[in-house]
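Quick mapping for you: the protein sequence lines, in order, are chains A, B and C.
Sequential numbering of the first sequence, starting at 36, is according to the working numbering.
Sequential numbering of the second sequence, starting at 36, is according to the working numbering.
Sequential numbering of the third sequence, starting at 36, is according to the working numbering.
Careful: at least some of the hints might be erroneous.
Repeated chains share a single entry, so a pair holds when one copy, or any two copies, can fit it.
To be verified - As a list, the in silico SDA-like pairs of lysine to any residue whose alpha-carbon atoms are at most 20 Å apart:
(1) Lys162 - Glu239
(2) Lys253 - Asp184
(3) Lys253 - Val92
(4) Lys162 - Asp273
(5) Lys162 - Ala37
(6) Lys162 - Ser274
(7) Lys162 - Thr122
(8) Lys253 - Arg219
None of these hints come from the bench; they were simulated from the model.
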Amino acid sequence: VARPIVFVSDFGVRDEFVGTCHCVMARIAPDSRIIDLSHGVPPQDVQLGALLLADSVPFIPSDAVLLAVVDPGVGTSRRAIAVETSTGGHLVGPDNGLLSLAWRALGGAGRAVEISSPDVVLLPTSKTFHARDVFSPAAAHLAGGRALDTIGPSIDVDGLVSLRLTEPEVERRSIRSEVLDADRFGNVHVNVRFEHLAAAGLDEVGAFEIGGTAGSIKIRRATTYGELRRGEYGALIDSRGWFAVIRNGGNAAEGLGVQRGDQVWITPAD
Amino acid sequence: VARPIVFVSDFGVRDEFVGTCHCVMARIAPDSRIIDLSHGVPPQDVQLGALLLADSVPFIPSDAVLLAVVDPGVGTSRRAIAVETSTGGHLVGPDNGLLSLAWRALGGAGRAVEISSPDVVLLPTSKTFHARDVFSPAAAHLAGGRALDTIGPSIDVDGLVSLRLTEPEVERRSIRSEVLDADRFGNVHVNVRFEHLAAAGLDEVGAFEIGGTAGSIKIRRATTYGELRRGEYGALIDSRGWFAVIRNGGNAAEGLGVQRGDQVWITPAD
Amino acid sequence: VARPIVFVSDFGVRDEFVGTCHCVMARIAPDSRIIDLSHGVPPQDVQLGALLLADSVPFIPSDAVLLAVVDPGVGTSRRAIAVETSTGGHLVGPDNGLLSLAWRALGGAGRAVEISSPDVVLLPTSKTFHARDVFSPAAAHLAGGRALDTIGPSIDVDGLVSLRLTEPEVERRSIRSEVLDADRFGNVHVNVRFEHLAAAGLDEVGAFEIGGTAGSIKIRRATTYGELRRGEYGALIDSRGWFAVIRNGGNAAEGLGVQRGDQVWITPAD
């Protein structure tokens, strides 16, 4: 049975980039289901794309081919790669670190090839749209059962670009963090996980002082929206494992005046 | 053959919420087609989500499982439910009224369960993303043929939350209505159906005076865009059965200065 | 095996228009894959929709039914058509030129019918949403194997509306062009193809002077983002074959101060 393809990119939904890739994959693997994980990664933000893909691994069908495209270096010498994990999974995308967090979550990169077989890539190959001409065909061929080593020449997995995440600065009862993203509901997600809270001795704190560029605000620990009064803020570990500030019936990001990349200080409120 | 799943939510398309739910469902019911009815319900607007789902019933495949998530009470004591209609259809979502208009359109709720079986819900279960951990698995199991009574314990259908719609105030030759929504094309849809027009004696009127907060405007009855001059307004019953103001080559909502929730008065123009 | 349906429209993703059409098609052709090429065509922009569909032809599965809806004349006397190309492909949409560039790319219109069979169109038929009631059913029936001549009465292909594109004004070493679109990344695409550059003697030029309403700017020829300095502009033939201005790590459309429909002059920079 055909394997599904899970597709993530920074292409957005306004243009035809995603649809064209779907067309290309449907030609090669007409029986493969394509699951659009998200195409809303902020343009060219490799780190957010990598985090999204890795955080999603527990929910992705185990036989899926992962196709990820956030590719500011398209058309340059950065390589187009297909990676096989030690557990037999496959990932396809640019060699810029985008896939690296996901293959770690999947047990590590076992082997890899550079996508270049002339019966895989579309010819002529655009210099600006490898998603269509290189990555989509490779993902579809793998989903259809083609062997990795027929996609292109083998490359050393130790030479693959691996992402180094921006880590928060953790001190005793204080964390200096960075806003990863604000989502549709205005929830603010920062680069802090439960283990950082624990390391700072903040894991049992009942309320936080959250400081942004425009001042600071006291925010109590919560577990969900419904326990907050209308307009009240709450802090919790979100469904992907990140520390997040939410606001019942409101937009926390707007309220705090923060956006992606901004620094946020987390201290106890008392 | 696997049943399709029709999915509606307020998740938008920027974030990965929808994609993650697709992944979860594809693991459980790999052969079920998932149809995204809309994920553009305004955030936390249970009434608009309920209306959209109910208005869509005539077009939804009759064997589909309906999955709807607009869930401001996620993680609180509001129940997660799966409902079987008297005609054998299934609906899955929060017990906040979101499903109630659709099950009425489908012949009424026959029986219901609270989604809680440990081999249905994902563990650990997030307090903020039941769409992923509770609703999607339940919908997928039902689509795959699993029996309703294995999803969780039976609950009394008479105790389910049922939505009461905001009704327009209908008088002789005057209706006080509320804007339900303005769509991509700027069409303004209000909570008035043909029967309200008829009850007010406005069903044969050739032109309306439409009054908003910024004054009123004469608008003739139309049946489609093409019969209007460029920039001209028209009033019609839209494809879902609601009274709507359209504008040829323009944005009626901007022109009238109205948005969702605003009051609009409808009277005859002459 | 069921044929896929490739769907393009100006419906956007906020409302349920696309999802409702998917529902209708899934009822009629439950085994057909529906590929959403794009629903981000600017509202009522028939020319951009037609170009998008035609430019995508090389990537679309050869057995696909093409369904396109950008339809400012919905509900008027403009016809709803299904066209069979001389090579056996099928296209469905309004007779307003939207399909014409694609059927030319597919070898020309062989025969056509007006969609009107009472067992094809949904009844009652909305005057404002033929995508749901007329086009989607026709596309799905064709994808399911139904013969063209059962969809409605035959019409003369020579009488079909055919689109005349806005052509650039090409002179010796100077082209007066029009902005077709600015995409998610801010890339500016104009109505100039390689053959226009060649006709103007600009195909070998190393740098261009690009003039817009707010002045002009020197832009060097590039092949991809990565060879440009951060913030630098480049000019190239894009992945669809159009002359485009890109900007590394920036938004070319904002930088140039141009938007869709604006005029742009292209001359050599030397």
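Practice item. Check Lys162 against Glu239 for me: Cα-Cα at most 20 Å, and say if that holds within a copy, between copies, both or neither. Key: between (52 Å within a copy, 18 Å between copies)
Point to revise | 20 Å Cα threshold - placement of Asp273 relative to Lys162 | key: For Lys162 and Asp273, only the inter-copy Cα distance (8 Å) is at most 20 Å; the intra-copy one is 39 Å.
Review point. How would you label the pair Lys253, Asp184 (within, between, both, or neither) given a Cα cut-off of 20 Å?
Key: neither (56 Å within a copy, 45 Å between copies)
Check your understanding: For Lys162 vs Ala37, is the C-alpha pair at or below 20 Å within one copy, between two copies, both, or neither?
Key -> This pair counts as neither: shortest intra-copy Cα distance 30 Å, inter-copy 34 Å.
Practice item. Since the copies are identical, ignore which copy is meant and state whether Lys253 and Arg219 lie within 20 Å (CA to CA) inside a copy, between copies, both or neither. Key: neither (23 Å within a copy, 37 Å between copies)
Check your understanding: How would you label the pair Lys162, Ser274 (within, between, both, or neither) given a Cα cut-off of 20 Å?
Key -> between (38 Å within a copy, 8 Å between copies)
Check your understanding: How would you label the pair Lys162, Thr122 (within, between, both, or neither) given a Cα cut-off of 20 Å?
Key -> neither (33 Å within a copy, 31 Å between copies)
Exercise for review: Up to 20 Å between alpha-carbons, please classify Lys253 paired with Val92: within, between, both or neither.
Suggested key: neither (34 Å within a copy, 46 Å between copies)
Hints 2, 3, 5, 7, 8, counting from the list given before, are not met by this structure.
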